[in-house]
Amino acid sequence: MKTQLMSANYAAARAVMSARVEVVAAYPITPATTVPEQIALLHETGQWPGQFILVESEHSAMFACIGASSTGARTFTATSSNGLLLMDEALHWATAARLPIVLANINRSVSPSWNIHVTHDDSMSKATTGWIQFYVSSVDEFYHTIIQAFKLAEDERVLMPVMVNADGFVLSHTLSTYDYLEPEEVDKFLPPYKAPHWVMDPKNPVSHGNIVFPEHYMEFRYAMHEGTHNALKVYEEVEREYKKLFGKYFGGPIDCYKCDDAEVVFTSQGSVAAEAKDAIDELREEGYKVGNARMRMIRPFPVDRIRELGSRVKGFASLDRSVSYGYGGPVANDIRATMYNTKHRPIIKSYIGGLGGRDMTVSDIKEVILDTVKAVELGETGPEETWHDLR
Amino acid sequence: MVATKDMPLKEYVLKGNAACAGCQDMVALRHAHKALEGNVIQVVPACCTSVVQGLWPKSGLAIPVLNTAFPAAAATASGVRAALAAKGKDDTIVMVWAGDGGTFDIGIQALSGAFERRTDFLYVCYNNQVYSNTGTQRSGGTPLHAKTTTTWLGKKEPEKLLDFIVAMHEPVYQATANTAYPRDLYDKFLKAKEIRGPKFIHIFLPCPQAWNYPVEKGVELGKLAVETGYWIQWERIGTEFTLGRQSKRFQDPEKRKPIEEFLKMQGRFSHLFRPERQDAKIQELQDYIQYRWDLLMKTLA
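Line by line, the protein sequences are chains W and R.
Sequential numbering from 2 applies to the first sequence in the working numbering.
Sequential numbering from 37 applies to the second sequence in the working numbering.
Everything labelled a hint here was simulated from the structure, so no lab data went into it.
C-beta: ideal position from N, C-alpha, C; glycine also.
Treat the hints with care, since some could be wrong.
As the list claims (entries may be wrong) - When the alpha-carbon atoms are kept at most 20 Å apart in a straight line, the in silico EDC-like pairs for lysine to aspartate or glutamate are as follows:
1. W/Lys204 - R/Glu73
2. R/Lys123 - W/Asp188
3. W/Lys244 - W/Asp141
4. R/Lys123 - W/Asp202
5. R/Lys46 - W/Asp202
6. W/Lys204 - R/Asp127
7. W/Lys344 - W/Glu368
8. W/Lys290 - W/Glu264
9. W/Lys195 - R/Asp126
10. R/Lys51 - R/Glu73
11. R/Lys253 - R/Glu297
12. W/Lys290 - W/Asp365
13. R/Lys94 - W/Glu216
14. R/Lys229 - W/Asp202
15. R/Lys94 - W/Asp202
16. W/Lys189 - W/Glu242
17. W/Lys315 - W/Glu368
18. R/Lys293 - R/Asp323
19. R/Lys123 - W/Glu185
20. W/Lys204 - R/Glu47
21. R/Lys123 - W/Glu45
22. R/Lys334 - R/Asp323
23. R/Lys125 - W/Asp202
24. R/Lys94 - W/Glu220
25. W/Lys204 - R/Asp126
What the hints assert, rightly or not - Now the in silico label distances, taken between C-beta atoms and shown as ranges:
26. W/Glu38 - R/Lys123: 22 to 30 Å
27. W/Phe221 - R/Thr186: 30 to 38 Å
28. R/Asn248 - W/Trp388: 55 to 63 Å
29. W/Thr46 - R/Lys123: 17 to 25 Å
Can you build the whole structure from these sequences, using the hints too?
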């Protein structure tokens with residue numbers, strides 16, 4: 002393992018090389034663009050020996066991945082925002098075809114108006130597709146989670162595609178140290194992909210995706226649901242092995258910091274979750290019993306972990322950098338739904354903030370947490386949701 | 037031209053598939069696969085061929101078939117080709133089998149992209165001039181005055197000149213074919229099989245459901261399309277153009293049958309003859325034939 006100063010996007014390109022990805026298909030979109038740019042360079046200079054398809058749209062990018070994955074190749078793509086939205090049909094196709102494609106989504110606001118900075122609306126709007134979804138908080142975590150994602154996706158108990166999300170610009174274009182692995186090192190963790198059930202092969206012809214009547218359609222959908230569900234358990238094994246081999250561990254589906262004795266826990270996705278650690282430290286110094294729960298995985302939703310955490314705390318301050326328009330913060334809503342079926346009912350406050358790349362600083366996060374602390378003290382949930390720093 | 041007795045006996049289009057009676061797509065598929073002889077991966081976007089394969093868990097085609105989304109055939113094929121290349125299986129043919137809707141309309145962007153990338157694959161558009169799988173809606177391939185369920189009184193625009201669009205992408209091999217001439221079709225697939233790079237075969241095939249003619253008349257109609265000069269059989273290897281031998285004599289307008297003979301067999305043009313004869317509209321279609329011949333011979337020949 003070697004250490005370098007790198008942007009998240011360039012680190013993702015390195016992950017493609019480290020994981021011995023065989024086919025990449027990608028289309029440029031800010032801020033994901035530098036991922037395919039760097040892959041192109043690695044490809045043209047012979048450092049990465051795979052096949053690179055410079056497609057004419059994101060829709061084609063994901064369908065080229067589907068074609069390649071169906072023919073047994075390990076495949077990858079990267080995109081952002083409108084690009085992810087254009088892929089929508091293909092995202093659903095990939096899950097139903099049970100193809101272990103890995104997608105790096107560099108979170109960016111959805112248009113209009115044009116805004117290339119981070120909002121999680123792009124990926125959150127895909128939460129019902131079956132794609133496993135990670136959110137990362139550092140360049141290092143992005144790189145290693147992409148490698149782990151292949152192992153997770155290709156596991157026969159899962160066989161579902163994985164989306165690894167990183168905040169646009171905050172991570173994609175900001176240099177930070179990361180530790181990377183040579184392909185020979187990754188080989189120990191990630192063997193070559195072998196499609197376990199079907200593959201496009203003239204020697205053993207199968208027809209994939211033909212008509213399925215109502216008698217069987219539901220069973221296929223149930224199997225998909227199971228596959229995504231299984232990712233929680235399988236990811237535990239994946240992380241354990243990764244830690245053993247490379248000494249890297251990012252905290253499971255929810256990375257908790259000072260949560261053990263916390264009365265109020267702050268939840269968030271992406272880069273804010275890293276910033277939140279500082280907010281927690283400062284609040285702890287000020288005498289508040291608070292903790293940080295960094296939501297790394299939102300699909301499958303880590304129900305058991307939330308319930309376990311929820312059984313110990315008095316309140317959640319749940320920040321979404323996204324909105325389910327007409328029904329508030331998507332992850333806050335999931336936490337509320339998760340806690341409903343338990344005896345313990347902490348106050349769960351939903352905050353919307355940081356949209357369009359607006360800064361969520363340590364003091365912003367502290368303000369949000371203290372608002373929940375106050376609600377807990379008063380025993381009143383207050384408004385359904387709070388838009389932080391709304392002018 | 038191949039003699040029928042010399043075609044491989046092996047069938048890749050099996051009995052018991054779900055095609056309609058008189059389906060010309062089956063004629064095209066059958067002869068194409070006899071020429072390709074099995075070492076092929078076929079990509080199928082939404083179209084009649086998605087249905088005629090039959091229901092899961094069975095398949096009426098003895099070749100690997102990857103069904104894909106309507107706009108995505110050429111992109112999916114690009115991925116299949118890349119995976120084969122990554123695995124060193126370069127001898128396998130990648131073929132798209134798409135209808136006119138999936139080619140002229142929703143699939144044209146992916147088609148254009150794959151050709152520009154010089155993808156080594158064969159794109160086949162089997163053209164029955166209508167969205168027949170969804171129930172006869174007009175497509176960019178539907179001819180002028182044809183009735184469909186979205187042009188009840190007849191289409192107001194002629195079909196898109198797809199062959200020219202494709203030709204401007206400079207495929208290594210391009211041909212038109214017609215299910216009324218299966219041996220010629222077979223030969224064209226045999227040729228395409230040997231050439232590396234982006235290839236395109238455009239197959240004209242009548243559809244009894246959508247065109248509204250007796251199911252046994254498919255071959256007759258296909259021949260009439262050529263004999264009236266409406267459909268031109270040709271082939272282009274690189275820039276080397278050959279007018280097909282079925283079409284050669286119909287280059288001379290004097291030798292062509294009147295378009296009326298082709299039109300009056302089809303219910304979709306019945307309004308041109310009943311209750312009153314629409315001479316101007318029939319003439320419009322007649323004139324369009326020479327226009328297309330001129331365009332073809334001036335630009336691609």
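Each hint tested on the structure:
1. W/Lys204 - R/Glu73: holds (12 Å)
2. R/Lys123 - W/Asp188: holds (18 Å)
3. W/Lys244 - W/Asp141: holds (14 Å)
4. R/Lys123 - W/Asp202: holds (12 Å)
5. R/Lys46 - W/Asp202: Roughly 18 Å between the alpha carbons, so the hint for R/Lys46 and W/Asp202 holds.
6. W/Lys204 - R/Asp127: holds (13 Å)
7. W/Lys344 - W/Glu368: violated (29 Å)
8. W/Lys290 - W/Glu264: Roughly 6 Å between the alpha carbons, so the hint for W/Lys290 and W/Glu264 holds.
9. W/Lys195 - R/Asp126: holds (19 Å)
10. R/Lys51 - R/Glu73: Holds, because 17 Å separates the two Cα atoms, which is no more than 20 Å.
11. R/Lys253 - R/Glu297: It holds: about 13 Å lies between the C-alpha atoms, which stays within 20 Å.
12. W/Lys290 - W/Asp365: holds (18 Å)
13. R/Lys94 - W/Glu216: This hinted pair holds, its Cα atoms lying about 14 Å apart.
14. R/Lys229 - W/Asp202: With a Cα-Cα distance of about 18 Å, the restraint between R/Lys229 and W/Asp202 holds, given a limit of 20 Å.
15. R/Lys94 - W/Asp202: holds (17 Å)
16. W/Lys189 - W/Glu242: holds (10 Å)
17. W/Lys315 - W/Glu368: holds (17 Å)
18. R/Lys293 - R/Asp323: With Cα atoms ~13 Å apart, R/Lys293 and R/Asp323 stay inside 20 Å; holds.
19. R/Lys123 - W/Glu185: Holds - the C-alpha atoms of W/Glu185 and R/Lys123 are around 19 Å apart, at most 20 Å.
20. W/Lys204 - R/Glu47: holds (16 Å)
21. R/Lys123 - W/Glu45: holds (19 Å)
22. R/Lys334 - R/Asp323: holds (17 Å)
23. R/Lys125 - W/Asp202: At roughly 10 Å apart (the allowed maximum being 20 Å), W/Asp202 and R/Lys125 satisfy the hint.
24. R/Lys94 - W/Glu220: holds (17 Å)
25. W/Lys204 - R/Asp126: Given that 20 Å is the threshold and the Cα spacing comes to 14 Å, the pair holds.
26. W/Glu38 - R/Lys123: 22 to 30 Å: holds (26 Å)
27. W/Phe221 - R/Thr186: 30 to 38 Å: Hint holds: Cβ distance 32 Å, inside 30 to 38 Å.
28. R/Asn248 - W/Trp388: 55 to 63 Å: holds (60 Å)
29. W/Thr46 - R/Lys123: 17 to 25 Å: holds (23 Å)
The structure shown violates just one earlier hint, number 7.
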